[in-house]
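**Student:** Quick note, the sequences are listed as chains A and B, same order.
Just so you know, the first sequence maps onto residues 1 to 264 in the numbering used here.
Just so you know, the second sequence maps onto residues 1 to 318 in the numbering used here.
Read the hints as simulated data drawn from the structure, not as lab findings.
All of these numbers come straight from a predicted model, not from anything done at the bench.
Ideal Cβ positions, reconstructed from N, Cα and C, are used throughout, including at glycine.
Any given hint could be a false lead.
[What the hints assert, rightly or not] Short derived list, chain A residues pointing at chain B, Cβ under 8 Å:
(1) Ala77
(2) Ala105
(3) Trp112
(4) Phe113
(5) Ala148
[What the hints assert, rightly or not] Each pair of labels, with its calculated beta carbon distance range:
(6) A:Val131 <-> B:Ala205: 39 to 45 Å
(7) A:Arg123 <-> B:Trp84: 31 to 37 Å
(8) A:Glu29 <-> B:Leu313: 38 to 44 Å
(9) A:Glu135 <-> B:Ala311: 26 to 32 Å
(10) A:Leu97 <-> B:Cys177: 18 to 24 Å
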Amino acid sequence: MSAILTIAGLSKSFSGVHAVQNASFEVEEGSITGLIGPNGSGKSTTIDCISGFQRLDAGRVELGGRDITNFNPATVARAGLIRTFQNVRVYDSYNPLDNLLVAEASFRNLNWFDVLVRTPAFRAIRAAAEVRAHELIELVGLTRLIDAPATMLSYGQKKLLAFAAAMMARPRLIVLDEPVAGVNPTRVNEVADILRKANATGISFLIVEHNVEFINSLCHKVVVFEQGSKLIEGSPEDVRNDPRVLDAYLGIAPKTEISPAEAP
Amino acid sequence: MTQPRWTIAAVLAAVIMLFCLPLMTGSNYFIGIAISGLIFLTAAAALNLVYGYAGLLSFAQLGFWGIGGYCSAIAVMDFGRSFWEGILFAGVVNLVLAIVIGIVITRTTRHAFVVVTLTFALLASLIARDWVDVTRGPLGIPGLPPPSLMGFAFNTSARFYYIALVCTLIALAFLYCLMTSRIGLVLKAIKQNDPLVESQGIQPAPYKLAAFVIAAVITGMAGAIFAFHLKIIDPSFLDFYYMQTFLIIVIIGGAGSFWAVVLAGAAMVVLPEILRFSNELRMVIYGVVLVAVMMFMPSGISGWLEDRRVAALRKALR
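Produce the complete structure using the sequences and hints provided.
**Tutor:** Structure below.
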């Protein structure tokens with residue numbers, strides 16, 4: 001298997017504070033990779049750097065062998081890397097259908113004349129996009145709310161809508177920033193099932209999440225961050241049993257003082 | 001927002017009535033009000049594109065309005081061109097200006113954008129007053145001749161009314177096409193959540209620039225027509241009163257809704273006239289109505305209607 005995402009020597013500081021230092025890891029094509037670590041360990045900064053929302057101080061990001069280092073966010077997205085946001089972002093006044101239609105990737109090939117005059121080429125794409133949007137809305141279970149503006153949705157429903165919009169953009173890799181944080185625990189398994197279904201269609205995933213059970217049940221590989229660098233990476237079992245992870249992330253290794261600040 | 005089925009019928013009826021208006025009244029006063037109303041509505045609809053859709057609170061509209069007026073007046077009086085060429089000249093000058101300014105300021109933050117556009121409007125009014133060689137300063141350019149087309153002179157209010165009406169309908173039809181297209185959808189998405197739009201592979205900057213430039217051109221041409229309605233242009237053409245009128249129409253109607261802003265434009269013209277039964281209290285009542293709308297419909301008529309719809313939907317889903 002080849003890597004869909006390669007991160008090499010990524011470093012980023014904010015006014016002297018090293019948020020990420022010389023981090024390197026890969027996401028295999030077609031895999032679900034988890035990225036975990038205590039608060040402040042640099043996970044979100046890493047996502048911002050690879051998706052173009054922050055400039056790297058040093059390092060290199062490749063998507064499917066193509067260099068996307070310091071591309072702007074829209075260009076990164078067009079290259080096939082779509083991210084979601086920790087503080088869920090949707091278009092509040094739009095219903096789920098319009099939310100997804102904005103994200104639809106195939107409109108990118110049209111010029112403004114096609115769009116303004118609604119040429120046959122535009123209408124064909126629009127019809128196909130609506131069919132696909134309805135499928136995705138059904139996949140995430142929002143069909144009943146298809147006429148409701150997104151502001152009416154619950155927090156968890158908004159996260160699902162944001163995920164459907166990410167799918168709509170036809171990505172090769174989706175980077176999810178805390179997909180189940182704040183989601184009703186009874187629905188976490190549903191989210192995992194939806195992600196597995198999407199993964200089965202060939203989309204790779206990089207998932208940042210604090211819910212370790214969720215990560216362990218879903219991921220082929222887990223990368224652990226601590227204080228801005230990669231601590232270890234391996235299968236969920238290896239990571240779960242590694243004393244350094246217990247120490248750094250869970251803070252419950254024997255003979256180590258427990259720091260409340262680092263508890264998950 | 002979905003439109004009621006009778007929209008097309010209502011629009012047709014309104015257009016027919018507007019075309020018949022000069023036949024129904026011989027009063028130049030009412031025709032004059034109607035001309036101002038149509039032109040203000042056009043400028044407000046353009047402001048709705050840049051503010052209601054793209055989310056850019058642009059005070060530069062006032063500057064474009066004034067520059068459009070001066071360009072057409074100068075083209076006719078100093079260059080000896082026709083009224084029609086004057087309008088075109090106003091559009092082209094505003095196009096170039098808006099592109100130059102827009103490339104820079106659509107990349108700034110929202111607060112900086114407001115400040116820069118406000119400064120631009122103030123600068124335009126300063127130039128109108130102080131660049132005497134071109135604008136003739138505080139005296140202005142009086143005696144703008146009535147437009148003519150192939151020997152037909154639009155030398156009465158009723159005739160000029162048709163120029164305003166046709167231009168308004170063309171501008172509104174274009175804006176309607178634009179706002180209801182995918183471009184309108186993306187513009188309002190940018191207003192709601194800029195980073196999300198970027199993360200979905202869409203560059204916001206060209207969309208913002210296009211909205212800014214299109215609004216500038218339409219506002220400039222509307223100003224050009226308005227100058228020939230007044231038959232004189234002087235620095236008071238850049239009075240903040242005009243900006244305030246455009247802004248009130250957009251806010252009362254509901255920023256980001258095409259029809260609501262059109263209806264609010266009509267209401268804002270008709271309302272002060274209906275209130276004429278009591279001349280002393282007229283503007284007081286007008287003010288009270290404005291304040292009441294602001295208090296009870298903070299997102300305008302369209303926002304109020306949308307709230308009702310959402311409430312009904314909540315009930316149905318329960």
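**Student:** Between Arg123 (chain A) and Trp84 (chain B), does the beta-carbon spacing fit 31 to 37 Å?
**Tutor:** For Trp84 (chain B) against Arg123 (chain A), whose Cβ atoms are near 36 Å apart, the range 31 to 37 Å holds.
**Student:** Does the Cβ-Cβ separation between Glu29 (chain A) and Leu313 (chain B) fall within 38 to 44 Å?
**Tutor:** Since the Cβ atoms of Glu29 (chain A) and Leu313 (chain B) sit about 42 Å apart, the hinted range of 38 to 44 Å holds.
**Student:** When you take the CB atoms of Glu135 (chain A) and Ala311 (chain B), is the distance between them in 26 to 32 Å?
**Tutor:** At roughly 30 Å between Cβ atoms, Ala311 (chain B) and Glu135 (chain A) fall inside 26 to 32 Å, so the hint holds.
**Student:** Can we keep the Ala77 (chain A) interface hint, with Cβ of chain B closer than 8 Å?
**Tutor:** holds, 4 Å
**Student:** Grab the minimum C-beta distance from Ala148 (chain A) to chain B and call the hint holds if it beats 8 Å, violated otherwise.
**Tutor:** holds, 6 Å
**Student:** Was the hint right that Ala105 (chain A) lines chain B, CB cutoff 8 Å?
**Tutor:** Check passed: Cβ of Ala105 (chain A) comes within 7 Å of chain B, closer than 8 Å.
**Student:** Just tell me: holds or violated, for the beta carbon distance of Val131 (chain A) and Ala205 (chain B) against 39 to 45 Å?
**Tutor:** The hint (39 to 45 Å, Cβ to Cβ) is violated, given that Val131 (chain A) and Ala205 (chain B) are roughly 31 Å apart.
**Student:** Taking the Cβ atom of Leu97 (chain A) and the Cβ atom of Cys177 (chain B), is their distance within the range 18 to 24 Å?
**Tutor:** holds, 21 Å
**Student:** Can Phe113 (chain A) be said to touch chain B, with a Cβ gap under 8 Å?
**Tutor:** Violated, because the Cβ-Cβ distance from Phe113 (chain A) to chain B comes to roughly 11 Å (cut-off 8 Å).
**Student:** Taking the closest Cβ pair, is Trp112 (chain A) under 8 Å from chain B?
**Tutor:** holds, 7 Å
Checked against the numbered hints given earlier, the structure breaks hints 4 and 6 and satisfies all the rest.
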